[in-house]
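Given the sequences, and given the hints that come with them, work out the whole structure.
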Amino acid sequence: MESPEVKPNKRNFSKKLPHEGFNYIVERVNEEGKKKYWRCEHYHRKGQKCAGRLHTNMEDEVLSVIGEHTCDQFVEEPVQVKPDKTIKRKAAEDL
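Residue numbers (the working numbering): 1043 to 1137.
Quick caveat, the hints were computed from the structure, so don't treat them as lab data. Given the structure is predicted, the values throughout are model-derived calculations rather than measurements. Among the clues, some could well be false.
What the hints assert, rightly or not - PhoX-like cross-link-like pairs, simulated, lysine-lysine; straight-line CA separation at most 20 Å:
| id | residue 1 | residue 2 |
| --- | --- | --- |
| 1 | K1077 | K1058 |
| 2 | K1057 | K1077 |
| 3 | K1091 | K1076 |
| 4 | K1091 | K1058 |
| 5 | K1057 | K1076 |
To be verified - Computed Cβ-Cβ distance ranges for the label pairs, DEER-style:
| id | residue 1 | residue 2 | range |
| --- | --- | --- | --- |
| 6 | E1135 | D1114 | 15 to 21 Å |
| 7 | K1132 | H1086 | 45 to 51 Å |
| 8 | P1060 | T1112 | 15 to 21 Å |
| 9 | G1089 | A1133 | 52 to 58 Å |
| 10 | E1062 | A1134 | 45 to 51 Å |
| 11 | E1135 | E1069 | 58 to 64 Å |
| 12 | K1077 | D1114 | 40 to 46 Å |
| 13 | T1112 | G1075 | 47 to 53 Å |
| 14 | D1114 | A1134 | 38 to 44 Å |
| 15 | D1136 | I1108 | 25 to 31 Å |
| 16 | E1069 | A1134 | 55 to 61 Å |
Virtual Cβ for every residue (Gly too), placed ideally from N, Cα, C.
Next up, the structure:
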């Protein structure tokens, strides 16, 4: 099984693990150093506390998926677009 690409997190320089459309960040490593416990990157988002979790081996290969996601991750944040003034001007000229 091939390990997914782990991406660096710009916010705190920890790594993110993408899996099935969600990103996870490392919460801890077990005492034996054989397993990593990951949580959804939206765990600390205000009002979210998402329950999505993963367990991986030390090579970041997914062993188990724990909990259901309660975050609204698939809702994209709105992007502000500046209005095109030339279109507005041409529309005014046509009137």
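*For the pair we were handed, K1057 and K1077, check the Cα-Cα distance against 20 Å.*
15 Å, holds
*So does E1135 sit 15 to 21 Å from D1114, Cβ to Cβ?*
43 Å, violated
*asked:* 55 to 61 Å was suggested as the range; check whether the CB atoms of E1069 and A1134 agree with it.
replied: Taking Cβ atoms as reference, E1069 and A1134 lie about 57 Å apart, which means the hint holds.
_Pair hint outcome, K1091 versus K1058 [Cα-Cα no greater than 20 Å]_ = 17 Å, holds
*Is it true that the C-beta distance of D1136 to I1108 lies inside 25 to 31 Å, as the hint says?*
Since D1136 and I1108 have Cβ atoms about 59 Å apart, the given range 25 to 31 Å is violated.
*State, for the Cβ atoms of T1112 and G1075, whether the hinted interval 47 to 53 Å holds or is violated.*
Since T1112 and G1075 have Cβ atoms about 30 Å apart, the given range 47 to 53 Å is violated.
*Does the structure keep K1091 and K1076 at a Cα separation of 20 Å or less?*
26 Å, violated
_Does the beta carbon distance between K1077 and D1114 stay inside 40 to 46 Å, or does it fall outside?_
29 Å, violated
*Could you see if the CB distance from K1132 to H1086 stays within 45 to 51 Å?*
47 Å, holds
*asked:* Please check whether E1135 and E1069 have a Cβ separation lying inside 58 to 64 Å.
replied: 60 Å, holds
*So does E1062 sit 45 to 51 Å from A1134, Cβ to Cβ?*
49 Å, holds
*When you take the CB atoms of P1060 and T1112, is the distance between them in 15 to 21 Å?*
19 Å, holds
The structure fails to meet hints 3, 6, 9, 12, 13, 15 from the earlier list, while all remaining hints are met.
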